[in-house]
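Going down the list, the protein sequences come from chains A, F, X, S and V. Okay, so the first sequence: first residue is 1 according to the working numbering, each after it adds one. Okay, so the second sequence: first residue is 1001 according to the working numbering, each after it adds one. Okay, so the third sequence: first residue is 2001 according to the working numbering, each after it adds one. Okay, so the fourth sequence: first residue is 3001 according to the working numbering, each after it adds one. Okay, so the fifth sequence: first residue is 4001 according to the working numbering, each after it adds one.
It should be emphasised that the hints constitute simulated quantities derived from the structure, not laboratory data. Everything numeric in this text was worked out from a predicted model, so none of it was measured. For every residue, glycine included, the Cβ atom is placed at its ideal position computed from N, Cα and C. Warning: the hint list may mix true and false statements.
[Claimed, not checked] The list that follows gives simulated cross-link-like pairs (lysine-lysine, DSBU-like), each with its CA atoms no further than 30 angstroms apart:
1. K3444(S) with K4182(V)
2. K1066(F) with K1080(F)
3. K2092(X) with K100(A)
[As the list claims (entries may be wrong)] One side only, chain V facing chain S, incomplete, derived with CB under 8 angstroms:
4. L4094
5. A4204
6. F4207
7. Y4210
8. S4601
The lines below spell out each chain.
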Amino acid sequence: MIITVHHYLVLSILLFTIGAIGVVTRRNALIIFMSIELMLNAVNIAFLAFARWNLLIEGKMIVLFVLAVAAAEAAVGLGIVISIYRNRQTVYVDEMRLLKG
Amino acid sequence: MMILDLLTALAKVVIIFAMILGVVPVLIWMERKGAAYIQDRRGPNRASILGMRLGGIVHSFADALKLFTKEEIAAGSVSKPLFYIAPMITFFIAIVTVGVVPFAEPLRLFGYEFNLQIADLNAGLIYVFAMSSIGVYGLLIAGWAASGKYPLLGALRAAAQMVSYEVALGLSVVAIFLLSGSLRLQDIVIQQGALIWDWNVARQPVAFVLFMVALFAETNRLPFDLPEGESEIVAGYHTEYSSMRFALFFMGEYTHIIVGSLIIATLFFGGWQFPFVAAELMRSNMDGVIVIGWPAAGIALLMFGMFLVSRFRRRYRDLRDYETLLFGVPAMLFATLLLIAWAGLLTRGYLDNIPAWIGNAVVFAVQLGTLLAKALFFCAFFIWVRWTLPRFRYDQLMNLGWKVMIPIGVANVVVTSAVMVFRP
Amino acid sequence: MFEAILFYSLAAVAVISALLVVTRVNPISSALMLVVCFMATAGVFAILGAAFIAILQILLYAGAIMVLFIFVIMLIGTDPADLKRRQMTFAKILGAAAAVYLAIVLGLAAWRPPFIAAPMAGDAFLSPATIGKQLVTTYLLPFEILSVLLLIAIVGAVVLAKKKI
Amino acid sequence: MNWIYAHLLTSIIFLPLVGLLVTLAIPSRYEKTIRVVSIVTSSFVLLLVGKLWGGFAGSGEFEFVEIASWIPSVQIFYRVGADGVSLLLMALTAFLVPISILASWREINRSVKAFHALILLLETGMLGVFASLDVFLFYVFWEVVLIPMYFLIGMWGSKDRIRAALKFFIFTMAGSVLMLAAILYSSNAAGGSFDVVAWYAHKFGLTEQFLLFGAFAVAFAIKVPMVPFHTWLPDAHTEAPTAGSVILAGVLLKMGTYGFYRFAMPLFPMAVIKFAPLMLTLSVIGIVYGGLVAMVQPDVKRLVAYSSISHLGFVMLGLFSLDPQAVEGAVLQMVNHGISTGALFLMVGMLYERRHTRMISDYGGVARTLPVLTAVFVLITFSSIGLPGLNNFVGEFMVLLGSFQTRTIYSAVSISGVVISAIYMLWMVQRVFFGEITNEENVKLPDLRVREYWVLAPIIILVFAIGVWPRPWITAIERSSNTFLGLTKRVEIFSPTASKGAENAFPSFVRRGEGR
Amino acid sequence: MLDSLYQLVSIQTLAWLIVAFPLAGAAVNALIAVGTAKREMGAYRGVVSFFGVFLPLLAFAASAAIFVTMTNFEGVDPSFITGSLLQWAVTPGLVVDIGLKIDQLSIVMALMVTGVGTLIHLYSVGYMGHDEGYARYFAELNLFLFFMLVLVLADNLILMFVGWEGVGLCSYLLIGFWFEDKAKARAGTKAFVVNRIGDGFFLAGLFLVYAVMASANAPVGSGYFNFEMMSRYNAYFVPAATLISLLLFGGAIGKSAQIPLYVWLPDAMAGPTPVSALIHAATMVTAGVYMVVRLNFIFALSPFALSVVATVGAATALFAATMGLTQTDIKKILAYSTISQLGYMFMAAGVGAFSAAIGHLVTHAFFKALLFLCAGSVIHAMSGEQDIRNMGSLRLRMPVTCWTFVIAALAIAGVAPASGFFSKDAILWQTFERGQYGLWAVGFIAAGLTAFYIFRAVGMVFFGESNIPPEKWKRVHESPTSMIIPLIILAFLSLLGGVIEVPKILGGSDRLGAWLSRLIAYETAHAPDPSMAAREIIVMVITLLWSIHFVVLGWVIYAQRREWPDAVAKKISIIFRLVANKYYVDEIYDRLIVRPLNWVSTKVLWQTLDDTFIDGLAVHGTARAVGVWANIVSMAETGVLQQYLLYFLIGAVVIVGYLAL
């Protein structure tokens, strides 16, 4: 039973969907962040799978950049969550309605 | 063919882990002995097996025995699963880092190559760096699981400290692979060569200091002792732990020290490179090496035995007094045996055409020996530092980490790269 | 054969831990589950021949980001009372259903017949040296932009976290 | 100096910019020096334009052409050149700017530096518009003019200035956006280049011509302003400061007609044939409608604004009747309107400076206290009505005469415009200047100061000069308007106007014998 | 003496001088006016009056010199054209050169204009003596003379048009001379606007002339508007002749105050009396007649146009005469009489008797100027009183004014020896002779009415008992000499003026007809046939008796029996009130034209169309629409993060779903 690129794609889709569900359903901002990290990881898997099957270095490069961006995003995101928590004592997304249109 | 590989891999793992776990009690002994001598007292000498105190080493076995037999206490509010996993993680992370350390050049016996390095990753250095960054989890989870104030504080302090010093560690590591041009530790060692002034410590003194300090922080050794901080937060993260789990923490810490020293040795002190005698040189004139090496070892052993015997005194009037004799005399006997054998072989001319595999084996042994010697030296250094420097205050810790170490690290990287570019 | 086993085990670990991340009530446990998931994905990366990326993944995600998360969770503290309050509004269900539908469609699209094994990977592909070289030649611009991005992130985080500026 | 002579046009266009930089350099509290600098720069520009006129050979083609590559990748070149019409309009600009600066000597005392900087920037924009041969460059200058004008109205206007400035800006901007689309389309249709001469040579397709002409026409119609798009003008004028009004009326409106003259009509001759009746009806409506509405305006400036709609209706009538006299008359009328309406605005400004109101009802019997101003005002009123012997008559007469030959009905109706203009101007003069002094503020108004003499004197001289001896002005236009007509009438199929090829065919309805 | 003059200056430059002198006078006086705008006149008054009077005198002398030289040219056509001073507008199709044409007609007009002008200038020295706008008055009067001479002497239509409008301008300035008074200023504007309407038609006529000349492919270089060229190419004018002449006649109506556009003349009396005398009696108003006579070769081409001119003339004559009957303001009476006399001239021109029209024009200038000046001196004496009802028996205090007024009245009434008799009779006879009996009848009645209303004025003002309040009666005195001299000269002219036109039948040689015969092509084609001689005598006698009858009637009623007219008025009160209010023509115009025009342009054009539709709807409407739409869209922004993500996800699903299908 040989492993093909599709296995990896399916794995990536699965992880991505779980992440998406997490993002949509959960109310806690941190959980949402984690789900987003999960989705990013799923994407990385897909990238590397394609990179591996087409022997292209570009896949790896992009994954590198995704990692960096994820790190930056996490840092700033957590900063925001902390400051919101400090002002509103809540981390639940549906209680943060300040920016209503 | 697959099975052979599997077996060799297994063998390597077993040998190296055995070595490490073997050294841990010695280290505990050295710690206690060292601390004692620094504080001008004798150190452990009570525990004895059949009157043999072995200079106090038996004491560490006693400790181990104590810890294993103690009762496992877990507080009520503790979240059980995390509480159990935490010590395992710390110990596991500490042990796993050694997989990348190259103990010696690959040994070629009977056409089959045996490399005493578990995983020759081509990104070895980053692996070390990665493992050190995961090390934090153990402490974090331990602190959190204990769900008390002190453990939580300990955990937070540990996390903050580890994260900030990790950056400094990384930067110093960057300076090194700028020079060596490769991340494989084996390459780094080979590239350092035998001559001392080629070693990285000479070429990258700043990186060495940075790495050293960062490593202290990683292992939570004394100057950076805040997570445990006995005087303030009652043993920090592992206050709630008892017996076996505590032992795991304890062993994890010491393994981390040993592996840390091994890595310092490989990165900065030329790993298994015997100072001034390159491996090729040794292999090529193997006969000379043996001709000189063999008697030297014999004489050393002889001298050690005589030293032991001379220390014989009848103070306790029981078995313990005879310990020195018990070891000293056989040492002297064996030494003389060695010397006689050497003389005989030499006269019969067997030594002038030594078969290759012996050469290799001897070189292998020498390299392994040099590496272990260097590692032990650094362990001593750890211990020495532990019992001399006072603990940092938290803000001092942070300032040192962020405002001193990192800028110096960056500067170092910049300078090295500049130098490399303008004076290839 | 060996590789298949490894892949399936790691995939299983990843998916299960992902599910746990999403379903666990206590943020700490979901954070730890996420670390496990990252480890598993790192393993998958290693299988895919990207050793350097795998280690980086461990270093970055597990080592740095998750530490931050746990740090923040510990700071914020999980108040057991509102852990229990979980209600499913219609919008959330709709969202979940949409996500599932998306997964199915993509999955079907991905699972197309030409199943071919992975081609032999040359050493150039595997070693981090090529990544390094690429990073500084063809991808110099994104690399520089990335550094600026990270700087901004640092400054942002500092500003956000400071109490009074 | 010989560099300037060699690149005369460029130096003329960018000299105000130099002045601008100098004014910016001077710290803003030296108001006097700033004013002097801007006056000196603009009058020096006038001198240079004089030199330009001197060296102008009056040939049909563009003269003083200068080409320099600007954005070679997209084939956009800095192409500048002048023919008779642009020369005249540049002269008008160079003439009006120093006068308007001089006129706003006392009126503008808030942020003087910004004011003079904007005026000079405006002058560069205007000169650039009239001299640029590269359509893209034309568009750039077209936009450059917009911004300073917006600020002039926005910052120094009277109470409702923001709305008016905004309306002016958005109106013109909407038009120019359409034009930009057309420019881009036709540039790649004409092989990528933006050179107007190349465009003239290029044969545009039939539907292409209609659409492109439509786009250009809307943009320029807004600027002219032709009737449906004119509502911005009265607001802009009532709110603009004197200098702003003078330049707005004097030059900015001419950019619309110049646009038709240079781009919209010669480029798309077939479209001109098709749209001529529409444009002519609009201009005739403009004449009559502008006049009638002007009659009932309570505010002097709005009255003069509507009058300029009516006067420019004449210009458009002249342009679109495609008759040599009419076109030359139209071009001359552009200049005349600039002079007489500019003068009217100046004097209304002077009245405003004294009484701070523009409502006609507030005035009455002012002639007693301001005899000299009244005299000049009456003179300029008669010039703008088109009294023979003064400047507007020449233009109006030629336009009506020429358009009578080719488009008789339109011309006949436009004659009523002449009568209506007499009605509203004289009625306004009578209500403002003559009659008893109704309210007491009018009693003690100071008469014209020396500075104001210097503002009005050149205009009065010019009014008589053109009125009595228009020949030098017409010879300048003659050949370039012939080339314009040559371009606009190059149609393959038979066009209703050019019957026996005679330059000015006999008006159809008169030839009773031959039957229409 | 003349040839010594010609050594000094050629006849062309002399012609230019006629025009140059008044211009110089105007310029000097204007400078003085501006100079002393605020300060007291003082010494300048003398300088102004010197230039004001002396320069027109010089112009008169120059034109007299030219006239004399022309008279002793036997047989050869003495008319000549001065070279063009400058080419006004040279475009390929339009060559207009500014030059003067001195021929029989224009020299007669020039003589009349400068002669009467000088006298009136002399008169106004006295009349306007104490007015502070003295310099400005003389500047404008001289400017008027300049423009009138340009009009009369122009050698092409464009230059004539320049003069035409220039004269309109000066009449505007002079009528509104005392601009402080709102009514006077409004009268000035009204005059100019009505003239301008007439000019509109004139312009249209001009363009048609241009069209005709262009199509007649006359050599491009030559002046299309030149009278010479036009007369040479008048064959081409045949198709458009009617329209051109009607349009030009429209211009004439505007300028010479005929039926539809006469309303401005009565209001023009607001100006100072010498102005009315000069402009609204002698010169400007006659410009229309001059133009018609000058272009007689075009009018002749279309009999229809001529009949229109004649009928309009006759109608105006009768209409104005009736209105003259009921006027109480002395100047208004004279205004209406001018309108009716102009009607006569146009009737004459209409029937083809162009020389008779000119004849009447000249004589009318003399006695109408005299009438106005006498009225002026009466008003001057009565310190501004213009209503004849509170005047009377002024003959005691102002004998010269009275008798000169009577002589002028006799002339206008057409009593035997006075010039009016000959010129009016010539017109009536020519009309009768050419078979226009209807017109003759109208003319005949109008002549009677004229006699009646003029002597009504004589009776009310000079004879009968005086109803002047005592304190004013004390100050009534004869006008100063500077005003008396022109009256006396004009009185002579009114009496002897007829000599130029004594018809052949009475042994005269009809000098004027002969003099103008070369120009009037039409008349030569229509030689008087001898058989009609007897009838002419009878007609002449009947008209004479008819006029004398009305003279006596008028004088008797208004001198002695003042109560009769009131009685008559009461009986036919409706008609009387109708006529007294000038048939409400002004009110009708106001109601029919001015007010609706105002209403349309305010309500319809400005408020509704401009403000609400274009501005409100199109411009601000779109702005508001954008605002409304923006609010609607912002509703979707709830602030809840999850919903945004939901939208995002649904979007993704839709796209993927679409792609997957």
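Taking the hints in turn, this is what the structure says about them:
1. With a C-alpha separation of about 20 angstroms, the suggested pairing of K3444(S) with K4182(V) holds against the 30 angstroms cut-off.
2. Of the supplied pair hints, the one linking K1066(F) and K1080(F) holds, its CA atoms being roughly 24 angstroms apart against a limit of 30 angstroms.
3. Restraint check for K2092(X) and K100(A): satisfied, since their Cα atoms lie roughly 20 angstroms apart, inside the 30 angstroms limit.
4. For L4094(V), the interface hint holds, the least distance from its beta-carbon to any beta-carbon of chain S being 6 angstroms, beneath 8 angstroms.
5. Nearest Cβ of chain S to the Cβ of A4204(V): about 6 angstroms, under the 8 angstroms cut. The hint holds.
6. Checking F4207(V) against chain S: minimum C-beta separation of about 4 angstroms stays under 8 angstroms; hint holds.
7. Of the supplied interface hints, the one on Y4210(V) holds, with its beta-carbon coming within about 6 angstroms of a beta-carbon of chain S, less than 8 angstroms.
8. About 4 angstroms separates the beta-carbon of S4601(V) from the nearest beta-carbon of chain S, less than 8 angstroms, and the hint is met.
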